[in-house]
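Visitor: Residue-level listing of the chains:
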Amino acid sequence: MAAAAPVSVTVRGVDGAPLPGAVVTLEVPGAAAPNPNGTYTVEQRDIQFQPHVAIVPVGATVAFPNRDKVRHHVYSFSKPKKFDLKLYGREDTRSVTFDQPGVVALGCNIHDSMSGFVFVTATPFAAQTDAAGRVTFAGVPAGGATLRVWHPSIRAAGNSLSQPTQVAATGLSTTLSLHR
Amino acid sequence: MRLLTARPLRFGSPRFHSLRTRLATLYAALFAVALIGVAGVAHLVIAGNARASVTAELAASGTVYDRLWALREASLKGAADVVARDFGFRSAVASGDASTIASALDSLRMRAGVPTAMMVDLDGKVVGATGPLAKAAAAAPFAMPAGRSDAVVVVAGHVHRLVLSPILAPTEIGWIVLAVPLDGAEMRNLERLSAIPLIATMLRRTDDGRWTSLDGSVPPDPALDRLVDEAPVARRPAPLELPSGDALALAKPLAGIGARAQAALLIRYPYAAALAPYRPLELGIGGAGLIGLMLVMVGSGRLARSIARPIAALDKAARLLEEGAHAEVEVVGRDEIGRLAASFNRMATGIAEREHRIADLAFNDTLTGLPNRVSLRETLDQLIARSARTAGRNGGVVVLCLDLDRFKAVNDTLGHDIGDGLLRQVGNLLPAMAPDGYIARLSADEFAIVLAEPAPDRPRALAQAILDRLAMPLVVEEHPITIGVSIGIAVGPGDGASADMLLKSAGLALYRAKTDGRGVLRFFEQALDEAARQRRELELDLREAVAQGQFTLAFQPIFDLKADRIGGFEALLRWQHPTRGWLSPTEFIPVAEETGLIVPIGEWVMREACRTAIRWPEHVRIAVNVSALQFRSPGFQSVVLQALAASGLEPRRLEVEITESVFLDGEGPVVALLHRLRAMGVRIALDDFGTGYSSLSYLRSFPFDKIKIDRSFVIPVAEDKSAAAIVQAIIDLAAALKTDTTAEGVETEEQLAALRAQGCGTIQGYLFSRPVDAGAATTMLATPMHAVA
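Chains A and B, in that order, give the protein sequences. Counting in our numbering, the first sequence runs from 158 upward without gaps. Counting in our numbering, the second sequence runs from 89 upward without gaps.
Honestly, the hints are just simulated from the structure, not real lab data. Just to be clear, a hint being listed does not mean it is correct.
[To be verified] List of simulated lysine-lysine pairs, BS3-like, C-alpha gap at most 27 angstroms:
1) Lys236(A) / Lys809(B)
2) Lys404(B) / Lys340(B)
3) Lys239(A) / Lys213(B)
4) Lys223(B) / Lys238(A)
5) Lys213(B) / Lys223(B)
6) Lys243(A) / Lys226(A)
7) Lys650(B) / Lys826(B)
8) Lys223(B) / Lys340(B)
9) Lys826(B) / Lys809(B)
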């Protein structure tokens, strides 16, 4: 096992600007799956999903508490997890366990504008880009890996793009630019 | 006024024969020109208006089409959205439930009324359609810029409108695509939505970048390309020339999937259609114009007629006036034509008055006021014509010619004033006596009375009444005058079928009455006419005789009973007519007297007689008869002088024999001439004494050298005591006046004895000798002769 190294990835959109909110994952063969026993919550607050994108490990159970006065009907038609939380009210919490990796698009059947994602990942190296379009992973073992970017605006299957990469012992710092 | 000049006014080249046509044509032409002008201006204004209005309407329609286009999109998109957001549908799409998707699309197709509804998933798979359209629809969501949901594509030559609605779960998991063919039916739908009659046509871009219509109604044309390509910039309707007619057009390029439009909507407004609403207006203007033109033609025709009618009437009246008829025109109005008409009438009246006066002078005799010969002839013509129409059933036309017997004597003795007064009286008298007659004065002392269809005896009775009345004295300025009249009557149509013939016949009858001793009436007889013809012939022959010297002289001895020898010869005229032989002087002398030929004949006789007598012994005289007319002719004295001078005959040997008729026309001048002749030494004998108008006053007024006793007294002198007494009285009278006497026509010894016993100086007659020629006369003088008894 090689020593862990820091990996920094910057994502730029088709316009060349840093793309915040994109989920970058680094799949390293042999890396241990993250622990699914944490508490994961996607609130419905102000007719929005909070957070907009929730990154959870495979097997995690996510609670969907309703903080609004109106009722919501949260659903997903995504392949990794299809569910349908019929109308529930304020302070009513439903939970869903996501046992397949992938991106689950959340919607509310009442409020079309509500959109959220549960990013179910099997790798511990998964994070959202910050305002500068950057993510940083620490402790990544050197060697071959697959770098993957997901963002709803990416016009590709699963809204994600991937490319193989080599993490050096000293780590990796790279920029991914999206092209049309 | 120029209209009345000979050269007509000209309006352009055509010449009109009537003023009316000319005026009517002028008015109609002027109106037609004005009308065409109005119609032209109206058409221009209307066309301009129509163009402006079409431009505005088309621009407005373009805006409306834009909104309709957008509304249609919204409507289609709404319908698609309803399905795209349906939870069940989304669930079916998410789970790949193709049959549910297809049934939902079918339902959407029905609901939205579109022929094709498709679902395209993220992998580009299409549910609901196959073929090229599905392929185009599958590409559309991925190729279209974000935010657009509408595109017009050309697929296999057909234009389709694609409306996209994303299926959100809540991220896009696919799209519903509705495809609407933009075909003819869709265009008609669009046209129906417009308030104006537009034509919508779908254009598509060809491979070489030009524009053409799908239905072929608009052929490729650079102008069309320009119109479509400039449409996003110009955004204004522009004129477009098409084979089907000019139109105003507006092009709307329709956004395709890419940036470049593949199809365009062309909406156009044909000018013909734009002008259609104005057509009734134009037809109305045209129709009103035509009606106006007809009204103007009728009206100007009537106006022209009302102007031309008085002029035509003047024209006609002037022609009538020219032909001599009385003409007057109606005076209408107080304008120039009215004044002209009034002037014309005054002129016509003036002409008529002057004509009347001239006719009066020409047809009437100023002295008596009676019609003259000219008007008599006219009246006679009319009466004869009228009588001819009735075929003379009521009798014919009768003409009486009257001649005053002694008018000339009255004029000479009492003066012209009395003569005129006498004529006036006769002129008053005749109409009073013949109220049924037409009375005219023909010449100085000649009158005529025309009786139309009189009762059978009326002409004779009237003539007799006039004879009787004028046999009594008329008193003129206290002078009682017995004038006497001779009347000749001719009865038409037998005596003459025309005025001239009838007048001539009446004239002949009058002549006969005159020659028959005056104071009588005579009807015309055919013989008179024959005599007149012969006389005319004789006249012609006589002229030739004078020219050719057909005359000879015969000499009858006058025996001197006291000296018992021939004391002289009487020269007697003989005419050897070329065809009729010897003619008696009694036959031709009257004609010679009437024609005046007596003057040259008498001159010849005078010369010839003197020339013959110069060869005779000095005691033998030559007696020459001189007619009254010859005697009164101006040159008679010089004729005598020349005859004497040429022959060298002593004047005392010439004896001029005159009759009392020389005194008929006045005594004074005759007596003066007689004295002049006497002064020359010429002897004067009074011939035919005792007959005719014998008046002893002649014997007193002039001392004749000899009186010749007419044979009518001499012949019965031996048997008739009264004749003997008259002869005795004449001889005694002559003796008392110291005048010689000669008895004429002595044929028997008894007569000679009686005359000798009564103391007659000389005798003449067959007893002694017939007239002989010059040679015989000379021989006779050489032979001693003795009177027997």
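Visitor: Could you run down the list of hints and mark each one as holding or not?
Guide: Tested hints:
{"no.": "1", "hint": "Lys236(A) / Lys809(B)", "verdict": "208 angstroms, violated"}
{"no.": "2", "hint": "Lys404(B) / Lys340(B)", "verdict": "80 angstroms, violated"}
{"no.": "3", "hint": "Lys239(A) / Lys213(B)", "verdict": "22 angstroms, holds"}
{"no.": "4", "hint": "Lys223(B) / Lys238(A)", "verdict": "31 angstroms, violated"}
{"no.": "5", "hint": "Lys213(B) / Lys223(B)", "verdict": "9 angstroms, holds"}
{"no.": "6", "hint": "Lys243(A) / Lys226(A)", "verdict": "16 angstroms, holds"}
{"no.": "7", "hint": "Lys650(B) / Lys826(B)", "verdict": "15 angstroms, holds"}
{"no.": "8", "hint": "Lys223(B) / Lys340(B)", "verdict": "26 angstroms, holds"}
{"no.": "9", "hint": "Lys826(B) / Lys809(B)", "verdict": "25 angstroms, holds"}
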